Amino acid sequence: MTVVEETRDTPMSEYRRVLRDWLAVHAPGPLAHLEPEEQLQRSREFQAALYDAGYAGITWPTSVGGQGLGQAEQQAFSDEAAEHELPLYPFMIGMGMCGPTIVDLGTDAQRDRYLRPLLRGEEIWCQLFSEPGAGSDVASLQSRAVLDGDRWILNGQKVWTTNAQFADFGAVLARTDPDRPKHAGLTMFVVDMHAPGVTVRPLKDMTGRAPFNEVYFDDVEIPVENVLGEVGGGWHAAVTMLGHERVSIGSARRPRRSPLEFSSLAERAREAGVASDPVVRDRLAELYAHERALALLNSRIRQETAAGRPPGARGSVLKLAGALQLRRAIEVAGLVSGADAVAWDPAAAGGDELALAINAAPSASIAGGTNEVQRNIIGERILGLPKEPQVDRDVPFRELAVGTQRREGAR
Amino acid sequence: MTLVLDSEVEELRASVRRFLADKAPSERVRAVSDSGPGYDPDVWSGLAAQGVLGLVVPEELGGGGAGHVERAVVAEELGRALTPVPFLASAVLAVDALQSLDDDAARTEFLPRLAAGDLLGTVAVAERGGEWDRTGGLTTATERDGRWELTGVKTPVLAGQTAGLVLVLARTGDGPAWFAVDGAAPGLARDRLNTLDPTRRLARLTFDATPARPLVSADPAAALDTVADLAAVALAAEQTGLMQRAMELTVEYATLRVQFGRPIGSYQAVKHGCADVYSAWEHAVSVVRHAAWSADHDRAELPVAAALAQTWTGPAAFAAATAMVQYHGGVGYTWEHDAHLFYKRAKSAEQLLGSPAGHRARLADRLGL
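Chains A and B are the protein sequences, given in the same order.
Going by my numbering, the first sequence opens with residue 1, and the numbers climb by one from there.
Going by my numbering, the second sequence opens with residue 1, and the numbers climb by one from there.
The set of hints was computed from the structure by calculation and includes no laboratory data.
Owing to the predicted nature of the structure, the values given are computational and were not obtained by experimental measurement.
Glycine residues also receive a C-beta, built at the ideal position from the N, C-alpha and C atoms.
Misleading hints may appear alongside valid ones.
Claimed, not checked - Partner residues aside, some chain B positions facing chain A, computed with beta carbon under 8 angstroms:
1) V4
2) H290
3) L367
This is chain A alone, in the form it adopts within the complex (with noise of 0.2 angstroms):
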C-alpha cells in the first residue's frame, strides 16, 4: 500500500520539529486572565514574532510575504499550533479569507499595501457581507454604494461581524447597481473601519456572550482605488473569499476537549454512576460511533487532499456532521446528567462548561451556511441532483422582495 502520511525521515518531519520547538519557546500561554487590550496586544506581539520566524501565510505566495509553501506545511502548523492555545483569534478573518482574496484579486498596490502588515498582525481585519435582509441567501443585501467622483458612499447595515471591534480594515460588499440582478450589481471594497460614519456595536449571541458585532455604515467614504476585483464583479469576490472560508474551517483543528464530546460525556456517566446502564451505554456507542467515523472521514479527506485529490464540497459533509453530531451529544448530556444538566451547584465543576456547550451548539447548525445550505451544496455540487428554479436569478435587484418584510395585503 501506499503510505501518505509523513514518516519520522522525511523533510517534513524536520519542518515539524523545528516548529514544534519554536512554539514550546515562543508560545504566549493563556492570556484569559488579561484584560481585553492587554490581550490583543500579546497577541499581535505574538503574530509579528511568527511573521519574523517564517511561521505567517505559510501557503502565500513569497512575492506578497509568505512562505511559498504548501499544505502539508499549513497542516502540520495547524496540528503543532492545536497543542497549544495560541492568541490567533485576532488574525483569523483576515489570515483565512481577506488576505488570500486580496493575493487572488488585489491590485499590486492593494498587495504591497496591506498583506505585510496583515502577515504581521498590525492590522486586523473584518469581513461585513452578511445582513439582517441577507443570511443564507448573501447576493440579496441592500448595503449602498454610490459612486461620487472619486469615492463611493456607503450606507447600510452588516451583522454578525467577526472581530469588527478590533479590525483596521474590512471586506465590504455592497450593491452598487441595483438596476442589474441580484448577484451582478455588486462590488467589494477594503473599507477603513476608523472612517467617520464607522459604528460598531457588540451583538450579543444567545449565550449571552457578544464574539460578534453590528456594524453601521452612515456615508462613509470609501477611495475609489479601495475597489478589491471589479466594479460589479463582487459576487466573485465573495465566491472567493467564501471558498478561503472553506478550506480555514476544514483545516482548523479543536484544541481543547468539549463537554460534549464522547470522552467527557462518557466520564460523567461514571461519576454520575450511570455508565453501565443499557440505555446510557446504548447511547454512548452510538454518540462515539459517529465521532469516530467523522475524525475518520476527516482523516480520510486529508490524506486524499495530500495525495492530490482536493475536498471540493464534501467540506459541506464535515459541516453538516458536526452540527448534528453536537445536536446528538446534547441529548446524551440530558440522558446522562439528567437534572444536574439544568440546575447545578455553583461550585460544582464542569456545570457551566456543559450549559455553554449546550446554548452554543445551534451556532454550528446556523454559522457558515445552514444545515439546510449544506444539504443544498451536498446535493446540487456533489450529486449533481438539479437547483431549484430560481425566480430572482434576472430581475433587477430594486423589484425583488428581501428579507423579512410583510408584503402587501399579507398577514
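Please arrange chain B on chain A, whose structure you already have, making use of the hints.
For chain B alone, kept in the frame of chain A given last:
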C-alpha cells in the same frame, strides 16, 4: 493509518466491477436467486480465477498473499452488484476461521481448495436468535473411542446447504472447541430457511451424532472473536458497496423523474434526503477503510474498529435502501424494480452478524463502558 487506496487496489476494484457487470447483471441476480444452489457456479469460478477468493490466504497455500484492505474492496463490489455468491461464507468466514485456529494440517488441506473455489466452506456458530455464542451454545461435542461427534442445532448458517466444509464451534467438557464437519457427513440434516433476502441463502444445520474432526486451537473463544471481527469488516464493506449503488440509482432517478413540472431531485425534501445518504456513505467508506487497515496492520485496534464498522454501516445501509424505495415512489414498491432487492439485502445484512444494538453493546464493552 492509511485511508486512501493505492492504484493497484483501485485496479482490482475496476476489474471485479467489470466482471460482475458482464457476468452477474441484475437479471442474472434474480434468476440465480430463484433456482439451484442460489449462486452461479460460473461466477464463482470466475471470481476464483481472478484470485479474489483467497486474497488473505498466504501465497504458499494458493492464496493471493494480499490483505483485508483488498478483500474489503472485493466485498464492496459484490455488495454493489448484490451478487448472490457464498463469498462471506467461504472466502471470509471459513478462511478466517482456519487462519485464526492453530491447526496446520487443516490449513494446508483446506485453504488451497477454498482459495481455488473448488471447496465451499462456512462457519456454523449462531444458534437461536442468531447471536454468536462464545461458549459453543447448546451444541455439544463428545468423544467416543477416539472419534468426535456433534449434536445440536446451528442456525442460521450462511451457505449451509451447499458448503462442503462446515467449521463448527461446539461445547465440550473442557469448554468451547472448533470442529470440521464434512457437508455430506452422516447425521447432518441441512434445511433451507425462508429468507428475507432472496440473494443470500441461509440454512439450519441439525447435528445428530455427526462425525467431526477436532481442530487445534490455543484459545477457541478468542479465535471466534477474531473471526467475528473480520467478518464484521467484510460485511461492512459489502454494505458500503450496496449503499453506494442504491444512492447512485436513487440520484439518477430523482434527476429523471419529473412531477409538478420539475425533476423530483430539485425539491429539497428529496435532495436533502439524498444528501444525508451521501454523508452517511462517506462516513461508511472511512470507517470501513479504517477497519480493514486495522485488520491488516493494527490488530489491537481491530475490536473497536470492527464493532464501529457494523454499528455504522448496518443501519446506514438500510436507511439508504429505504430512501431508495421511498424516492422511487410507487415504482420502487414493485417486484419488477430492483429497489426491493437492495432493501431486503440491507435489512438482512444489518442482522446477519448480530443486531445493531448488539454491535453497539460490543462497541461499548470495547470502549470500557
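Structure-based check of each hint:
no.	hint	in the structure
1	V4	holds (5 angstroms)
2	H290	holds (5 angstroms)
3	L367	holds (6 angstroms)
Comparing the model with each numbered hint stated earlier shows that all of them hold.
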